[in-house]
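Each chain sits in its own coordinate frame; assemble them with the hints.
Taken in order, these protein sequences are the chains called E and G. Numbering of the first sequence is given in our numbering, commencing with residue 1 and proceeding in unit increments. Numbering of the second sequence is given in our numbering, commencing with residue 423 and proceeding in unit increments.
Hint data in this document are derived by calculation from the structure and do not stem from the laboratory. Some hints could be false.
Stated by the list, open to error - Pairwise CB distance ranges, derived in the manner of DEER restraints:
1. E:Q242 <-> G:Q561: 56 to 62 Å
2. G:Q561 <-> E:T386: 44 to 50 Å
3. E:F268 <-> G:Q561: 25 to 31 Å
4. E:G385 <-> G:G447: 48 to 54 Å
5. G:V444 <-> E:G385: 44 to 50 Å
6. G:M513 <-> E:L410: 23 to 29 Å
7. E:R395 <-> G:L517: 48 to 54 Å
8. E:E378 <-> G:Y484: 25 to 31 Å
9. E:T384 <-> G:L517: 54 to 60 Å
Said to hold, decoys possible - To spell it out: a stretch of chain G is covered by chain E in this simulated footprint if at least three of its residues, at any positions, have a beta carbon under 8 Å from a beta carbon of chain E; those stretches are:
10. 469-475
11. 480-487
Note that the Cβ used here is the ideal one computed from N, Cα and C, for glycine as well.
The lines below spell out each chain.
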Amino acid sequence: MIELLRGLLCDDPHERWSVNDLELWSNGRRLSPLQPRQEKRAVRGFAFAGEEYNTCRELAFAMSLNWDKAHVPMIDGSLEVWLRRGIDNKELADVVTTAIKNARQAPAADVKLAEELLVTRILMLLDTLAPIRYKGFSALPLGFGPALAVIMGTKSDPKLFAECLLRDVPHIWFETRPEYDPANSQIDNLFKDLKAYMQQTALGYGLERLLYDLNEALPCQSSLVADSFVVEIGELLPALEQTAKRIDPRTMPMDRHIAAFIACRFDFNVERQITALNAAHQERQIIGILSLLGTVQWKLGPESLPGLASWMGAHLGSVVNGFHSRAKRREMEKELPKLVRAGNLPELFSYVENHDERRRDDEGYLLARAEFAASSQEANEIETGTRRRTDQAMRYGHQAAGMIAMMLALTVISILLLIRFL
Amino acid sequence: MAQKKQVRKVPQGAKPPGKLKVTLGLLILGPPLFFFFLPTWVFLFLSMLPSVVAFVVDRTPYRYAWVSVAGLNLAGVAPYLMKLWFEGHSMSTALKMLSNPFDLIVMVGAAGLGWVLHLSLPPVVGAWLDVTSQRRLTQLRATQRKLLDEWGAEVAQPDSEEAPVSRRR
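Extracted from the complex, chain G is given alone in its bound form (with noise of 0.2 Å):
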């Protein structure tokens, strides 16, 4: 028997305990923190400039190149960003690094590396993919042959064309 599903009602506009407690979280300590981590902010979102552009220029359906340039665009931010926060959590600091041509040849070269990576790797996805579909299709017909030569031309005939003895009958 079909029991009615009990649905309870939420009132429109209320929203869920949990969520309530994360807005008042955020709107209490994210402003304290906000200013208590001011340098880290402004050196992350000037040295990874190059991943928010990936983000914005990348057109394909997936928007995957951001995250391999954001990804190399870290790890070419991250020896920069352990100096910030355990050699002077300063804005001095930051802006210093961020005004060093070799510092930033170093966090834009990695985030190049990121498009290197983004845009070689799926060629050789595909060649491999070629490969594998070649060798299976190798050995589809070898089985079609073999099925010929035990049960002749009339095994590759659509249903319609031929039935089997047994349902002639």
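Bound conformation, chain E alone (with noise of 0.2 Å):
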């Protein structure tokens, strides 16, 4: 059993058993004993929070207890002394040194945070073996998924977890990794891509991305699919077909767990269609959905999904009116049930953003504009020009009184010069 025991509670998670070892054992395979390896102890204890701690990992554990105190240790050198005199681990206590100088040039503005993170840094560098520990929230790199999922699924604050990879802190993790390890650049870089995740709070990204992406198979949390758990992409328009026929068409067929698990797990490029829908109008809103749930369809069906169909119909109603014409208005709700009947959302998709017919409504409602506008102004010109046309009679009235006495005149001279020379 000491063997077991030794084999299963290893500290190096190298050495540590797995189940092919424990198979193994089982079988009556004697395995070379893993001998305990003891930490360093130092030759005086670190006092610290009325504690004393006689190795690095001790105090680091003490620390990651106490975060609101442990900063004050390391600003004020006595860390660097204990680790150089009482541990005599000169590299370490080097290390120590720069991170605590590097800490110390961080703007006036920032010293709060610059210490939180030599904390952390800190903390890291005394125990190579322990998980992320950053404030209250503890995990190893491959951890955060399953971490984000019980944040989520507990409906916790997930503002720790966020503050964690919004500050780099995974990264400094495999900065101070002792060696090298050609897996951890793949993971710092997914990092990277997680936090320009998080940093975009539209649908189809945020904490619910990271989710997804780092729990490949956690079935989609959104309360429109949660009865039908789920986990492949291709399940997700049946299961919606199924919401379809019991929910309340005023309900939106997408929410941000729809969204980040298409935009996850669909092997498809949509983030035209995710930007769709964010859009600032609910018309553009609404098209962004069809479009992305339509995209769904096309690649992985089924053909026809009427439910859903009816339930984004119920919605085209802002679509609808985002045209002018009346008479195109009155053409679509004729044709929309039509297309919602078959099911097929691809085709209801291009039927209603169909960009020629929104040109020509657009081109159309603009002369219409312009002319109703020019129209008021005459009509008003009209209405309100009645002195202007009275001037204007009397005008014109006055010229022709003179234009006709003229025209008599000459007449008359002339035919009496006619009587005299004829």
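Rendered as structure tokens:
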């Protein structure tokens, strides 16, 4: 039993027994016994938070539990002295000194942040086997996914998790590894991508996107499909079709979880559709939802989703009203029920998002506005121009009278002259 | 490239050659002509007095009254002017016609008709303008109703209140 316990409880994860080792042991094969490696102990203990600690690991653990006090011995230099003289680890002492020096160079406004990151870094240096520890959050890099799943599942505050990612704490962890591991670079790059996703708060991004990126087997957590246990992207639309039969059609067939789930699990570039989901106008958002779900149906089926199409159709009122032409609206209201019954979302999308029709409608509308404005102006001029018209009538009347009089005079003179000379 | 315009300098006070010729011509021919046609000038001045009065009393900005009055006044004077020219061009003939009440009534009456024409045409023109304006107004309202039926009430809103979808995208 000692061999089993030593194997399973080994501190070094590389030497710790796996399931295979356990099977081999249970089948009677005896493995080479693991010898516990004792950590170097200090000649004199380090006093922290009322206790004395003789190893770096113990001290790091204690400091992680007393986060607010941990920076004090680091900043005042007592930790460095203890590492140099007590533990006699000059290399570690030098690294810690450099970290403290860098933290002191931080601008005055960022001192608090710099101290927190310093504590995180030094805890990682003191105990290289420990997980990432940041304030109250603690997880190994590969444990970030399950940690986030727990946070979201229990509806806990994800502030520490988000802060940890935004402040590049995982990168510090990779920097402080004693040995180079190429796999670490990949994971480090993954964390950079995750940080970029998290910095975007739009639908399809944020913590939900991280949740599905980091937990490949996690089902979609949307309340719309929670009962259907949707793990594969292909299961999403049938699940929504089932939901459509019982849900209030005023509910949107899209939420942050569904958007992030599709963005993460759908092996097709849907950036354009995701961008449309986050448009400023509701009409464009609806088009974005239809486009995204339509793309999924187009690539993965099923061929007909009348329930989901009907659900979408209930939200297309604003899209129809996006057209200015009343004739076009009437035509769409007549045509849409047929397309909804067919249950083909891509066809429904291509019907409502017809760019030529939109352009024609917009151009016609602009012309109509111009015509209406011009006619209003002219009508207004007619209605308010009585005085001007009276003046005009006076002037034209006098001109006409003068002209008639002169014509008469010329006519009379001409007739008289003709009489005289003929 | 901009070229400087050649400006011909005209000495101040000097008159153009054409004007000088006309002035000279009038100075030379004017007095003989005036004296030769003296009965005509006297007759015209006295018979066309209503037109002069119309010019003086008309206070409208355009002063069209004298044109109407003078036109018909001249039409009334013309038969007597012909008589003067073709039946003895003398001062006594001119004064004889001017002292004849019937002739005077014809000449001044014609001028009066000029006033009547001048005063009666503006209301007629005004009525015509009103009718055409009302017809145009009816047409415009019909166009607006059609636009409202086709494009909705937003078509009547000013530009700042609502922009078309294409601009919003």
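Hint by hint, here is what the structure shows:
no., hint, verdict
1, E:Q242 <-> G:Q561: 56 to 62 Å, "59 Å, holds"
2, G:Q561 <-> E:T386: 44 to 50 Å, "19 Å, violated"
3, E:F268 <-> G:Q561: 25 to 31 Å, "56 Å, violated"
4, E:G385 <-> G:G447: 48 to 54 Å, "51 Å, holds"
5, G:V444 <-> E:G385: 44 to 50 Å, "46 Å, holds"
6, G:M513 <-> E:L410: 23 to 29 Å, "28 Å, holds"
7, E:R395 <-> G:L517: 48 to 54 Å, "40 Å, violated"
8, E:E378 <-> G:Y484: 25 to 31 Å, "27 Å, holds"
9, E:T384 <-> G:L517: 54 to 60 Å, "58 Å, holds"
10, 469-475, "violated (count 0)"
11, 480-487, "holds (count 4)"
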